[in-house]
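Please work from the sequences and hints to get the whole structure.
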Amino acid sequence: MITFTPLWKTMQEKGVTTYTLRVKHTMSHATVQRLQRNQPVSTITLNRLCEILDCPLSDIAEHVKD
Numbered sequence: 581m582i583t584f585t586p587l588w589k590t591m592q593e594k595g596v597t598t599y600t601l602r603v604k605h606t607m608s609h610a611t612v613q614r615l616q617r618n619q620p621v622s623t624i625t626l627n628r629l630c631e632i633l634d635c636p637l638s639d640i641a642e643h644v645k646d
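Its first residue numbered 581, the sequence shown is counted upward by one per residue in the numbering used here.
Honestly, the hints are just simulated from the structure, not real lab data.
Take the hints with a grain of salt, since some may be wrong.
Taking lysine-lysine pairs in the DSS-like style, the calculated list, with each CA pair at most 25 Å apart, reads [unchecked claim]:
no., residue 1, residue 2
1, Lys589, Lys645
2, Lys604, Lys594
3, Lys604, Lys589
Here the structure is a predicted model, which means the values were calculated and not measured.
Right under this line is the structure:
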């Protein structure tokens with residue numbers, strides 16, 4: 581399973597909130613909810629997060645065994 585647990589730590593370290601993602605970076609509320617629920621998101625979204633947070637994908641998502 582892919583989990584976005586690292587995303588929340590990275591966001592906290594960089595001072596980025598879900599509000600910032602939605603308002604400043606025009607990420608939809610639905611996309612933020614999918615991230616919060618560890619549901620699938622597009623590679624475009626993952627790429628945008630890497631650019632916004634200036635970090636590698638490993639700082640956003642990780643694979644854990646079910």
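These are the hints, each one checked on the structure:
1. Lys589 - Lys645: With a Cα-Cα distance of about 20 Å, the restraint between Lys589 and Lys645 holds, given a limit of 25 Å.
2. Lys604 - Lys594: Satisfied, since the Cα-Cα distance of roughly 15 Å is no more than 25 Å.
3. Lys604 - Lys589: Roughly 19 Å between the alpha carbons, so the hint for Lys604 and Lys589 holds.
Checked against the numbered hints listed earlier, the structure breaks none of them; every hint is satisfied.
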